[in-house]
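Position chain B relative to chain A; hints supplied.
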Amino acid sequence: MLRFSSVVRLSAVKTSIVIALAVTVSGCQKSETDDAQNGSVKAPASSATFTGALRNNEDLSISANLIDTAQLGTAVDGEGSYTVFLPVNDAWESLDAAERNAIEAKENKPQLIAVLRQHIAPGYVLATDLERGLSEKDGSVTLNTMGAMPVTLRREGEAIMLGKGTDAPRIVGLPIVAGNDVIYRIDKLIPPQS
Amino acid sequence: MRNLMLLAGIAALSLPLSSPASAQDKGQKGNGGEKSKSSQGNGGDRKSGSSNKNSGQSIERAQGSFKELSRSNGKFEKAGRSRPDSPVENFARGDRKNERQAEKSGVVDIARREVRRDDSARTRSFENGRYAWREPNFEGCPPGLAKKNNGCLPPGQARKVVALNDQQLNWSRYSSWFSQGQSSDWRYDQGYAYRVDPTSNLVQSVIPLLGGALFGGNAWPQGYTDYQVSPYHERFFGADQNIALRYADGAMFGVDPKTQMIGSIIGLLTGDNWNVGSPAPQGYDLYNVPSNYRDQYADSANNAYRYNDGYVYEVDPTTQIVRKIIELVV
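So the protein sequences, as listed, match chains A and B.
Residues in the first sequence are numbered consecutively from 1, following the numbering used here.
Residues in the second sequence are numbered consecutively from 1, following the numbering used here.
This is chain A alone, in the form it adopts within the complex (with noise of 0.2 Å):
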């Protein structure tokens, strides 16, 4: 596959900023930054650049491989600044296996950027920002993506939620801030339509 310096040069420029979000999600009130200057709590993993972040996160080394099979990673390192919610390993395995094979087969790799294009927003937006939106609108958010449709974003008890019905996908895990972009960790694949 061909490659230029200057696309290598795209991806180097953004931002290190490697704060971790040293917070859960859930019942996050408190900055990210102040957290972890203070040590409070763990630091999850965390790197300068998105892809960086999932060669660091071994949950979403499957979602690593197919953005890397989609060539998006460069798309998401680069300029522009992005929300992703990746799905950790076991969501992709849960997948019926023919519904697996048809989105990972080599010809339709169309249908492999939709579906993950319909798991990244615009923007940059901090576990703060969410739980602050969600406090601000009655539990309930909603995100544009760069795919077929928004997502819904709501309050369920302690989780988080992409979605409608009680088998939505929710947020798991700690989020991580990378460079221009930040990665919530979700359970299951955001379903179609029905």
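The hints are simulated quantities; they were obtained by calculation from the structure and are not laboratory data.
Values in this document were obtained by computation on a predicted structure and should not be read as measured data.
Idealized CB from N, CA, C, for every residue including glycine.
Any given hint could be a false lead.
[Stated by the list, open to error] Covered, in the sense of this in silico footprint (three residues per stretch, anywhere, with C-beta under 8 Å from a C-beta of chain A), are these stretches of chain B:
1) 265–277
2) 283–293
3) 303–315
4) 318–327
Below, chain B alone, put in the same frame as chain A:
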């Protein structure tokens, strides 16, 4: 079983990348040549610019460039190079007469700054729970195929395309992310979407898709000319003599200007429609300004800020009316 697809992103393919509303006005005013194509070079007839940043303008630039800020780990730095005018800035200049008049009277009427969007601008809307893109108008052909009476395919291949269905594609339910499922005249085959006339069964349009024909290592589709990139986005994503930028299917591509080979996907864009004086698009409930700009553009009781596609937008937190479009690169 749905056997015909309207692909969610394909409408965007034929339409030039939108800048915020103000940017569109430039072309309508006939100021000339602002919508550049990467293949046409980056210089064109753009003029060397001066900052238009002032309190009365709807457009302003952040201090320092996005890249420079990134390189300096958050420290604000002024980029030391001159910059060409963007269509946004040129719109702002064109609107200054009214602005000055308003300022003289001590009143700045934001609504008056609203501009008409170029009809060819690439934007999406939200309809029936999904994004809706305008129908593409690209009628080019895949590499090596001339446009013929059957659309642009040899009769045999055209029949094959018409016969395509989901089973042949072997797609899962997740393919609904890929299709709108509301139109009966689109098919997918080997990296392209085909629009088929339901009456004549002739292939009318061929659209290259991200992940299909539009993918690193492929040549940019021959004859596919709808890839306009605004001068601002050329600066934002970093076009230079070694990398030309092209835009299609919601993605920005780096293309070798000599070989026309696609090198990488260098950005994803929403195409959401932000207009000064109009309500902000839905789907921006959360503060999302990139880290380097949070001090400068922090939400308050009087102002809200949102990021999208390389811009920060100032929004009235009560009315949700967009007040300013803020460029992040010099």
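Which of the listed hints are not met by the structure? Violated hint: only 4; rest satisfied.
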